[in-house]
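*Asks:* Sequence order for the protein chains is A and B. Going left to right, the first sequence walks through residues 1 to 66 as our numbering numbers them. Going left to right, the second sequence walks through residues 67 to 882 as our numbering numbers them.
Do not rely on the hints blindly, as some may be mistaken.
[Said to hold, decoys possible] Here are some chain A residues pointing at chain B (derived, C-beta under 8 Å):
#, residue
1, Ile4
2, Leu19
3, Ile23
4, Trp24
5, Val26
6, Tyr31
7, Asp33
8, Tyr35
9, Thr36
10, Val39
11, Arg40
12, Phe43
13, Asp44
[Said to hold, decoys possible] Taking lysine-lysine and the DSS-like style, the derived pairs with C-alpha atoms no more than 27 Å apart in a straight line are:
#, chain 1, residue 1, chain 2, residue 2
14, B, Lys363, A, Lys27
15, B, Lys645, B, Lys425
16, B, Lys727, A, Lys27
17, B, Lys604, A, Lys27
18, B, Lys459, B, Lys394
19, B, Lys595, B, Lys662
20, B, Lys743, B, Lys595
21, B, Lys753, B, Lys695
22, B, Lys394, B, Lys368
[What the hints assert, rightly or not] Just so you have them, the derived chain A footprint on chain B, three or more residues with Cβ under 8 Å:
#, segment
23, 251-261
24, 808-820
What the hints contain is simulated information worked out from the structure, not anything from laboratory work. We put the beta carbon where it would ideally sit given N, CA and C, even for glycine.
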Amino acid sequence: MNIIFLLLAISIIIALLFLIGFIWSVKSGQYDDSYTPAVRILFDNPVQGDSALPSEKEHEQSGSET
Amino acid sequence: MNSTVDNVFSPLLIPSPGSDSSTSEFCFHCGTECAGETIIEEEHSFCCSGCATVFHLLQANGLSDFYSIGNRQSPKPLEKGKYGWLEDEAISISLLDFHNDSLARVTFRLPTMHCAACIWLLEHLFKVQPGILRSEVDFPRKEIALDYNPKILNLRQVVELLDVLGYPPQLNLADSEGTKRNRVDRRSWYNLGIVGFCFGNIMMMSFPEYLGIQHSTLSVLFNWIILGLSIPVLYSSRGYFKSAWAGLKHRYINMDLPIALGISVLFIRSSWDVVSQLGHGYFDSLAGLVFFLLIGKIYQDKTYHLLSFDRDYRSYFPISVTQLKAGKEEETPVNKLEPGDTILIRNGELIPADGILVKGKTELDYSFVTGESTPVPVDALAKVFAGGRQIGKAIEVKLVGKMTQGYLPRLWNNQAFRKTNDARVTQLSSRIAKWFTPAVLLIASVAGLFWYFHDPSQIWNVVTSVLIVACPCALALSTPFTLGHILRILGRRGFFLKGPAVVERLADLDHIVFDKTGTLTHSENRTVKYEGDQLSPKELSAVRCLVRESVHPLSRQLYSFLPDSSIGNLEDFEEIPSKGLKGAIDGMNLRIGSAKWLGSPTGINPQGEEGASVTVEIDGFVKGVFLMKQELREGISNLLDSLNSEYQLSMVSGDHNYARKIFQPLMKGAELKFRQKPEDKLVFVEKLQANGQTVGMVGDGLNDSGALKQSDVGIAITDELAAFTPASDAILQGNSITSLPQFFRLSRIGIRLIHLSFGISLLYNVLGLWFAVTGELSPLIAAILMPASSLSVVLFTSAGVAIAAKKIFNRKSPTK
Chain A
1 MNIIFLLLAI SIIIALLFLI GFIWSVKSGQ YDDSYTPAVR ILFDNPVQGD
51 SALPSEKEHE QSGSET
Chain B
67 MNSTVDNVFS PLLIPSPGSD SSTSEFCFHC GTECAGETII EEEHSFCCSG
117 CATVFHLLQA NGLSDFYSIG NRQSPKPLEK GKYGWLEDEA ISISLLDFHN
167 DSLARVTFRL PTMHCAACIW LLEHLFKVQP GILRSEVDFP RKEIALDYNP
217 KILNLRQVVE LLDVLGYPPQ LNLADSEGTK RNRVDRRSWY NLGIVGFCFG
267 NIMMMSFPEY LGIQHSTLSV LFNWIILGLS IPVLYSSRGY FKSAWAGLKH
317 RYINMDLPIA LGISVLFIRS SWDVVSQLGH GYFDSLAGLV FFLLIGKIYQ
367 DKTYHLLSFD RDYRSYFPIS VTQLKAGKEE ETPVNKLEPG DTILIRNGEL
417 IPADGILVKG KTELDYSFVT GESTPVPVDA LAKVFAGGRQ IGKAIEVKLV
467 GKMTQGYLPR LWNNQAFRKT NDARVTQLSS RIAKWFTPAV LLIASVAGLF
517 WYFHDPSQIW NVVTSVLIVA CPCALALSTP FTLGHILRIL GRRGFFLKGP
567 AVVERLADLD HIVFDKTGTL THSENRTVKY EGDQLSPKEL SAVRCLVRES
617 VHPLSRQLYS FLPDSSIGNL EDFEEIPSKG LKGAIDGMNL RIGSAKWLGS
667 PTGINPQGEE GASVTVEIDG FVKGVFLMKQ ELREGISNLL DSLNSEYQLS
717 MVSGDHNYAR KIFQPLMKGA ELKFRQKPED KLVFVEKLQA NGQTVGMVGD
767 GLNDSGALKQ SDVGIAITDE LAAFTPASDA ILQGNSITSL PQFFRLSRIG
817 IRLIHLSFGI SLLYNVLGLW FAVTGELSPL IAAILMPASS LSVVLFTSAG
867 VAIAAKKIFN RKSPTK
């Protein structure tokens, strides 16, 4: 029956980890806009540009476009 | 364009290209009808070169996917805006969020974005323009966050790119003066997350207690863990304590005082129980209570990011104008202008401060300032006023005042703008709170006294139980949930309120004041009637060809009214300000314009009706006249009729008296006032309020701002949500105006529902108090009663609002 102390401790720690995860996600701005990401996932091609040159990306895309 | 988040992917309201090609061509890019010249490229039709340009741009950069996403009603690229002033270092830095040598970030508001394809395109900008690193769209706020490399691009080029694609950024004075967008308030999310975490775990730990299981060491351990978990909950509810204390400092009891009292008693009593090992405590009820309260708070804080309810003149004015210094043109920020400076104002631009027209003649559109929609002719050396919009070729204005001294800013300094109508605090909750807390304290003391004589050991138990259970949680929940729900329903139907308290004021209204131009009538549309000799198709086409060259609003209206025809050969065009147009087409000499200029006999130029008329003279003979009348919005007569039975109505307008004949029969018994200046409108509302009336005002322009602010509910009406609206409590979409009676009815029913829910909560309170007073309030009973009361109240009001909305908005109104 003493195992319950260990179980309690573990369950609280795991729950705390989730809470920390939640706070991190709010802090990183994921809850600021709950609408646009839902639309974004329906686009066919990945959106990002970053430092890749546009022509390179275009090459990639036109290859995969039908 | 109704572009709330609900219809990003919804089907087009107009047929997409290809499906209905029987009658007319539709532009492949923007979807509007190709009136006039259609450009055909690569087997697609375009309505203008702008759309064709964007098409090529997208194709060249491999972005043709744009046309396969969602609906194809893209924004039409407008005339290229002038962005030369963005080259100014100081100005561009003030607009950037961040900049260093290799990275610059800027956030723009793009009001024309309205569909999934827009989001797609705007996030693929890096493909179109090298130098743009990434762009992220926030659709509900209609914002884009752009990262670009300042070594490759400057801000002006970024803005011009957005403009060419059809998404001109909204740039106005308020943006550059450092009134940065409010950073999102994330605190409510943090609080909710923490409290939710604690609430769930406390419930889990409380289970053995509910099941009646006891264990010597474990029960104590669990209780201490629960105590520990409740401390964050207490901390997250500090907002209520702060607010209750703030109220007390001002000798004022608000709704948060009983809540704060309940929370503190819950915590203290439960901690005592756990520490002295007397029991288990009521922490589960505490956590549950705070959790529901926080949800209610988030639900009622529905905000509309694209709309702004707080505006002043600075959002209306541009950031800079062209100044003439020693004959050279120079872009100057507007707030650096001094009296004596000469500035150049082009067609469509705004005059930022009072001044004198240096030379020549022109016409100005003061509609936003005075409400008069007819352009005002201005001669050389006459005074021009801030807020006027130039019509025609560029003029030079010598300023006589500073921008802040103009007519508009002075209007804003009026007393009315000082008072703040808090959109959040409802009067109802405050009224209840005032007697609730004393009543509860009274009951607690009476019960305590009773037990003092019967069994003193129970005093502590009973008194704290009373304070715990008599919680206005139902009260504190029914209001936000009901009002939040109503806010959303109204928003979906084109009526956007600033905050939940506005609903309550809507329910209290007994007098409605209407502005005329732009509110009851369309500001743009006028019906056109022709009187005189019949014009042949050739002559009509010639007139159309002539007006095509002019940007004057009357010309534009005439152009769209006249039937389609091939454009003839125009030789010799001249536009004479305040008089009309002159030209020769295919051998005919045409003059169209004001009757006075053409020397028309009064027989063919009837006056008395709405002012604007355009007389047509061909080869020296006056043929006839086009009468442009202002058109009422659809359904206005029905609207005024149904409102008339429940409210007192009035109308105030800046225009002339001629419209009295039209409106008096529609608003029987109402007072109609014309030629009202903005201050007059404000005073009118004040007088009504002095008579004890609760006044709602509906208006659309800057000239209504004072009256809108002064009235109990100021409703700004607009046809385009992205455009400027004056400061108000609510924003109404133009085509929703006929639903006003239903909106008012829903608000009244909502308030009645809240009253009913108070009744339900009272029943729970009585039941709970019965347990408390008899000393029988165990944690289990509390844990059942309190959530039960909260949930049932929330369900009752939500269902009530949903049913009421269904009945109100599905009822077919009788058509006349």
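*Asks:* Look at each hint and say if it fits the structure.
*Replies:* Hint check:
no.: 1; hint: Ile4; result: holds (7 Å)
no.: 2; hint: Leu19; result: holds (5 Å)
no.: 3; hint: Ile23; result: holds (6 Å)
no.: 4; hint: Trp24; result: violated (11 Å)
no.: 5; hint: Val26; result: holds (5 Å)
no.: 6; hint: Tyr31; result: holds (5 Å)
no.: 7; hint: Asp33; result: holds (5 Å)
no.: 8; hint: Tyr35; result: holds (5 Å)
no.: 9; hint: Thr36; result: holds (4 Å)
no.: 10; hint: Val39; result: holds (5 Å)
no.: 11; hint: Arg40; result: holds (7 Å)
no.: 12; hint: Phe43; result: holds (6 Å)
no.: 13; hint: Asp44; result: holds (7 Å)
no.: 14; hint: Lys363(B) to Lys27(A); result: holds (20 Å)
no.: 15; hint: Lys645(B) to Lys425(B); result: holds (17 Å)
no.: 16; hint: Lys727(B) to Lys27(A); result: violated (61 Å)
no.: 17; hint: Lys604(B) to Lys27(A); result: violated (68 Å)
no.: 18; hint: Lys459(B) to Lys394(B); result: holds (18 Å)
no.: 19; hint: Lys595(B) to Lys662(B); result: holds (19 Å)
no.: 20; hint: Lys743(B) to Lys595(B); result: violated (30 Å)
no.: 21; hint: Lys753(B) to Lys695(B); result: violated (32 Å)
no.: 22; hint: Lys394(B) to Lys368(B); result: violated (50 Å)
no.: 23; hint: 251-261; result: holds (count 5)
no.: 24; hint: 808-820; result: violated (count 0)
Consistency note: the structure conflicts with the earlier hints numbered 4, 16, 17, 20, 21, 22, 24.
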